[in-house]
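S.K.: Sequence:
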Amino acid sequence: NEELKAENAENVPVENTTITVESKDLDPKESKMGLELSTVSDQEVAYDAALLEGKTLEELLEEAATVLVLTPKGARKKLSVVRSVFFERFTEAKDAALEIYKQDESEEKEPFAFDKESLALKFKEIEDAVKQSVAEEKERIETEKLKNFNRKKELLKNLEEIVANDETLESIKQVKDIQKEWKNIRVLPKDGISELWDTYNLLQNKFYDNHSINIELKELDRQKNLEAKIDLTKKMDELHGEKSLKRSFILLNKYHEEFKNTGPVPAESREPIWEAFKKASDSVYDAKRKVYEELESEKDSHLKKKEILAEKASLLNEVLPKSNKEWNERTKAFDELFEEWKKIGPVPKSNKDAVWIAFNGIRNDFYNARKVYFKEIHGERSENLKKKEALCEKVEALKEDTSWGDTTKKIIALQGEWKTIGPVPDKNNQVIWKRFRGACDSFFEAKNNAFAGKREEEEANLAKKKELIKALEELASKDIEHKEALSSLKKISGEWRAVGYVPHKSIKTISEAYEKANSEVYQKYSGQIEKAKLANLDAHYKELKKSPDGKKALENEERGVQRKIDTLNEEIASIERNMSFFAMSKTAEKMLKEFEGKIEKAKKHISKLKKEMVAIRNAKKEQAETPKESESPEAAPSE
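Using this note's numbering, you'd call the opening residue of the sequence shown number 35 and step up by one each time.
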């Protein structure tokens with residue numbers, strides 16, 4: 035009796051097992067346990083809605099179907115989370131489909147029907163199945179509780195009969211069987227449990243106190259009980275190696291219950307085994323409590339990190355994007371924040387909902403605004419699609435036209451118009467582009483085939499012009515009289531003009547090469563040419579002075595050259611004034627360079643005109659110095 039009292043002090047029943055470990059489940063006088071395990075590992079028992087992010091309606095339905103293999107309680111919890119996300123997405127998709135349907139103004143359109151409606155019906159079937167399962171489970175548990183309660187009452191009645199009769203070997207065995215079955219019966223109604231335990235302990239005490247035969251069997255029984263309690267003490271010590279905090283406390287609670295339900299031990303071992311078990315229990319509890327506190331401390335850190343992410347999300351959402359590119363970039367930023375959120379561990383249970391609602395609320399605001407934006411531009415994109423379809427029809431009408439020049443201009447103009455039209459709905463983008471490009475390619479391919487012979491001719495012309503450039507380069511490398519050089523240059527220029535078209539892509543390159551070679555020839559022989567021109571001018575004016583009106587003709591030539599010089603000087607003065615005016619403009623450098631080139635060219639022209647003026651004045655001087663025929667000493671006397 036004393037043994038039972040020591041080991042089962044205030045035996046409060048634990049049939050209604052929960053994951054809450056309290057001191058009354060163990061020993062109210064000595065145990066330190068008082069920890070609610072539902073806070074130990076919130077992530078282990080909760081189904082996070084964040085796991086459903088990005089899933090389609092079909093995928094959410096598949097996720098809902100997985101609850102059918104869970105326990106009714108677990109199925110109900112998980113389905114509740116999935117349901118809220120599923121029907122939120124379902125409503126959004128249905129509203130979007132309805133809006134598109136309303137924009138269709140055709141008279142023959144069919145009544146609105148949402149193609150995802152069947153998914154909602156299937157989801158409700160899963161809900162009904164879970165509800166039925168929960169109801170059946172609840173009914174089964176209540177039935178089992180009542181059945182267990184009645185069975186324990188029967189066991190008490192049997193035990194009472196055994197205690198009232200004389201002790202036998204059979205009665206001891208019967209008591210052991212009753213103890214074993216009593217221990218295995220756990221789930222009971224809350225009402226009446228204490229009364230059952232009080233009666234059970236009282237009858238056990240009477241049995242052990244009132245009967246004295248079969249001492250050896252009782253001692254053997256006590257020894258087995260001691261071994262069982264030693265084994266429980268070892269198991270308690272092994273909990274130090276258990277990594278799961280939740281499992282640690284559940285097992286700790288379980289071992290205390292088993293220790294309590296194990297029968298009496300030898301008197302000399304009663305206190306030592308209890309102290310050993312209690313010491314092991316307290317040691318495990320202290321260690322796990324420390325881990326728990328560390329986890330709680332980490333949860334505070336996790337909370338701060340998640341609050342920072344919520345602030346970042348709020349900043350991202352302060353000013354909404356205005357273009358597709360900005361919306362896509364902002365969406366990527368929100369997705370990155372969410373990925374970072376998922377990597378952060380659990381937060382304190384008291385803050386879990388608040389911080390998630392704050393963060394997810396901002397995300398929902400953003401995505402709702404994004405939905406409104408793209409809903410608005412959907413109409414614009416639909417109009418753009420109509421415009422591009424019209425362009426496709428125009429190109430398709432032209433693609434077989436063989437008026438290559440005019441048609442090419444028209445199609446190029448249509449291509450330019452295409453570029454000015456904005457984007458179309460994504461689902462139509464590739465289709466409409468391939469249609470337009472296909473029609474354009476069809477025309478240009480036909481044109482290329484038609485001009486295949488012309489391209490060969492242009493390639494031959496290009497080769498001829500390259501040979502002429504080579505001839506110019508050779509001419510520039512020779513040392514010959516300028517007359518011969520000019521003759522060759524004139525011949526090459528004539529041949530160049532006679533050559534036909536070259537490929538369009540080579541026009542600029544071949545022209546620049548020709549101009550360069552031509553310039554090199556001119557620069558080499560320019561000195562000789564200038565001297566020849568000057569000599570020709572001297573001869574010209576000497577011949578002019580001999581004419582009957584030579585003096586007047588020379589004066590006219592002089593006045594004409596002087597007018598040209600004056601005009602050029604005025605141009606130079608005007609350009610110099612303009613240079614000071616444009617000096618402060620954005621394009622000053624380019625403009626000044628252009629002005630300097632004009633001034634240099636004008637000065638060179640003036641220099642040539644001055645040489646021409648010298649030739650005129652020399653001719654006038656010679657004319658003045660030549661005596662007239664009437665004044666000549668050799669003249670014959672008049673008759």
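These are calculated hints, taken from the structure and not from any lab test.
Heads up, a few of these hints could be off.
[As the list claims (entries may be wrong)] Capping the alpha-carbon separation at 27 Å, the derived lysine-lysine pairs in DSS-like fashion look like this:
hint : residue 1 : residue 2
1    : K627      : K654
2    : K322      : K338
3    : K481      : K558
4    : K433      : K539
5    : K409      : K128
6    : K217      : K158
7    : K525      : K498
[What the hints assert, rightly or not] Computed beta-carbon distance windows for the label pairs:
hint : residue 1 : residue 2 : range
8    : E630      : S545      : 22 to 32 Å
9    : E345      : E417      : 15 to 25 Å
10   : P306      : E171      : 24 to 34 Å
As the structure is a computational prediction, the values presented were derived from the model and not from experiment.
All C-beta atoms in this analysis are idealised placements derived from N, C-alpha and C, irrespective of residue type, glycine included.
S.K.: So, for every hint listed, does it hold in this structure?
M.R.: Evaluation of the provided hints:
Using a Cα cut-off of 27 Å, the hinted pair K627 and K654 is violated, with the two alpha carbons roughly 41 Å apart. Of the supplied pair hints, the one linking K322 and K338 holds, its CA atoms being roughly 24 Å apart against a limit of 27 Å. Of the pairs offered as hints, the one joining K481 and K558 is violated, with about 46 Å between alpha carbons and a cut-off of 27 Å exceeded. For the proposed pair K433 and K539, the alpha carbon gap of about 24 Å is at most 27 Å, so the pair holds.
Restraint check for K409 and K128: the C-alpha separation of about 13 Å stays at or below 27 Å, so the hint holds. Proximity of K217 to K158 is assessed by CA-CA distance (about 42 Å); at most 27 Å being required, the pair is judged violated. Distance restraint check for K525 and K498: the Cα-Cα separation of roughly 14 Å lies within the 27 Å cut-off, and the hinted pair is therefore satisfied. Remark: the range hint 22 to 32 Å for E630 to S545 is upheld by a beta-carbon distance near 26 Å.
At roughly 40 Å, the beta carbons of E345 and E417 sit outside the given window of 15 to 25 Å. Remark: the range hint 24 to 34 Å for P306 to E171 is contradicted by a beta-carbon distance near 44 Å.
Of the numbered hints stated above, those contradicted by the structure are hints 1, 3, 6, 9 and 10, listed in ascending order.
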